[in-house]
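Participant: Residues per chain, in single letters:
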Amino acid sequence: MSFWDYVTSRWDLLLFETYQHASMVFQCVLLATVIGLAVAVATYRTSWLANLATGTASVIFTIPSFAMFGLMIPVFGLGVVPSVVALTLYALLPIIRNCIVGLSGVDPAMVDAARGMGMSRAMVLARVELPLAWPVILTGVRVSTMLTMGVAAIAAYVSGPGLGDEIFSGLARLGGANALNAALAGTLGIILLALLFDAAYILIGRLTTSRGLRV
Amino acid sequence: MSDDVGGVQIDLRNLTKRYPGQAKPAVDDVTMTIQAGEIVVFVGPSGSGKTTTMKLINRLIEPTSGEILINGEDARKKKADELRRHIGYVIQAGGLFPHMTVADNIAIVPRILKWDRKRIAERVEELLTMVGLEPEIYTTRYPRQLSGGQQQRVGVARALAADPPVLLMDEPFGAVDPITRAKLQDELLALQDELSKTIVFVTHDFDEAVKLGDRIAVLAEGSRIVQYAEPAEILANPADDFVRGFIGENGAMKLLNVTRVADIDLDQALTVAPEADAAEVHRELADRDEHWAVVLDRGAGRPVRWVNREELADASGPVEDFGGPVDVTISGRSTLQEALEALLRSDAELVPVVVKRRYRGLVTLNTVQQAIASLREKAKRR
Ligand SMILES: Nc1ncnc2c1ncn2[C@@H]1O[C@H](COP(=O)(O)OP(=O)(O)OP(=O)(O)O)[C@@H](O)[C@H]1O
Ligand SMILES: [Mg+2]
Chain A
1 MSFWDYVTSR WDLLLFETYQ HASMVFQCVL LATVIGLAVA VATYRTSWLA NLATGTASVI
61 FTIPSFAMFG LMIPVFGLGV VPSVVALTLY ALLPIIRNCI VGLSGVDPAM VDAARGMGMS
121 RAMVLARVEL PLAWPVILTG VRVSTMLTMG VAAIAAYVSG PGLGDEIFSG LARLGGANAL
181 NAALAGTLGI ILLALLFDAA YILIGRLTTS RGLRV
Chain B
1 MSDDVGGVQI DLRNLTKRYP GQAKPAVDDV TMTIQAGEIV VFVGPSGSGK TTTMKLINRL
61 IEPTSGEILI NGEDARKKKA DELRRHIGYV IQAGGLFPHM TVADNIAIVP RILKWDRKRI
121 AERVEELLTM VGLEPEIYTT RYPRQLSGGQ QQRVGVARAL AADPPVLLMD EPFGAVDPIT
181 RAKLQDELLA LQDELSKTIV FVTHDFDEAV KLGDRIAVLA EGSRIVQYAE PAEILANPAD
241 DFVRGFIGEN GAMKLLNVTR VADIDLDQAL TVAPEADAAE VHRELADRDE HWAVVLDRGA
301 GRPVRWVNRE ELADASGPVE DFGGPVDVTI SGRSTLQEAL EALLRSDAEL VPVVVKRRYR
361 GLVTLNTVQQ AIASLREKAK RR
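Note that the protein sequences, when read in sequence, are chains A and B.
Read in order, the letters of the first sequence correspond to residues 1 to 215 in full-length UniProt numbering.
Read in order, the letters of the second sequence correspond to residues 1 to 382 in full-length UniProt numbering.
These are calculated hints, taken from the structure and not from any lab test.
Incorrect hints may appear among the rest.
[Stated by the list, open to error] Partial pick of chain B residues on the chain A-facing surface, computed with a CB cut under 10 Å:
1. Lys55
2. Lys77
3. Asp81
4. Glu82
5. Leu83
6. His86
7. Ile87
8. Leu96
9. Asp104
10. Ser147
11. Gly148
12. Gly149
[What the hints assert, rightly or not] Facing chain A, from chain B, some residues (calculated, C-beta under 10 Å):
13. Arg18
14. Tyr19
15. Gly66
16. Pro98
17. Ala159
18. Trp292
[As the list claims (entries may be wrong)] Now the stretches of chain A that chain B is said to cover, found in silico as 3 or more residues with beta-carbon under 8 Å:
19. 95-105
20. 128-141
21. 208-214
Cβ atoms here follow ideal geometry from the backbone N, Cα and C, with glycine treated the same way.
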């Protein structure tokens, strides 16, 4: 069976797996963004706390992905939960780091001006610091998404959802019928998704970054 | 809003700020009163504590000890954010938020104060016009689409948005060329004529201080007040070498620049009506042993002709048939420098001074010299 025949014959399944993959990556990155932003906001003003947060995220990041998913099994068993937890942990580093870099990179004069006009701390964060740091934060989220996209394939190892299943089952019976086709379909699917997400980020960046920062 | 009130008085009492881990306080036991409606300029070397003193006033920095009274009320009794909404603040290069349009930048405090949309829009338009930027063009621009001078104008407009009685300006015109800077200074003075806010203005530039300040505070390390007086007094009688160093070499010339003709003792000459009898005027000049007489317009009291004693010898008829027209006059609002300029430019030894179109007296080189001497004398006696 040619690759094309393989894809058409299993179109529905592939589409479903692709959707699952995208949905998992999207949700994990969203979760990581919420957590990462919260951690960054809580720590960026105190340098040792900020370093601690970035350091911890870096340590998590250095754990090999197979080991990480493996470590999830005794705690969360198999399936969606361990996949999401592991992926979210991976996704954290670029996000936390960029949030902290972005927020602490805001010109102190801007903060002074904002405080000097009578904005409360929360207003300064919402109206000045976050909008100014936004391009950097968004870059972090984008990098994190690309990274998660690849790592998510490993989720199949803990019976997680997504295109990883194609790759894993394909590689497991290499030489067998359609083995290569399966692995190829999974890999190409992931690449396509990555390109799609990247395009989406460019659009989101345009729509959510103040025009004043782009001129 | 406090449209009609103008500024309020600010009192600093034994104000001290010691940053953690620093041996010497950045602001060391400073006591001063800033009068309502005045521009007080802080000048002093880098690190003398000017910015710190200013930030103590709007509580961006809390004092280690001492008090700040704004309009007689202890600034620390109010919520800091609340307090700051009624103190305009302009920092170097405007400090505009690049992600907000000009209109949004200006509208920040009015929005915090929950003004309604219509009122905010009107206020933005009014302020832009006030600082010389056309609202149709500039409301929707972003700060990065403006020149440095335009940004600073917006910075001033933003600080004035909710009509605060107090304005703090920390080197607001630092980053522009001298011509734009002079223009911004003129605009600020014109605004202040109208608004009479209490303005604390920080600069390194003594000439700027002289031009803008109703009073200048020369500060040394620890924000120690070396001299706090009107510009003319500081120029006429600097307290010590430190102040002299700030003034620079040509203090006397600068003094000419800050003294108004209306404020000095003018020379007086014989004044006559156009129809006065020439022979009569001649006799009177001889009696007074004077050389020149000024012919004043009927009614208006405007100087129109000069006549001198020689021309009137053996003359008869109305005095307006003799002498020559007055072509140079100066206003009482001119500075002595401008008077000097007028004297040097025209061939005349005397230039008549006109206040509200009426003759007030004469300026000669001697008048100017006398005036400077007496300013020095007065400053010393104080
Ligand atoms: N946040 C801070 N922490 C510690 N020390 C500070 C801080 N801000 C200012 N200082 C110190 O306090 C002193 C006064 O600083 P300040 O900024 O008030 O000076 P300035 O007169 O405004 O100087 P410049 O003309 O350079 O703006 C300086 O010695 C400075 O190093
Ligand atoms: Mg300063």
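Participant: If any of the earlier hints don't hold here, list their numbers in rising order.
Facilitator: 2, 10, 11, 12, 13, 14, 15, 18, 19
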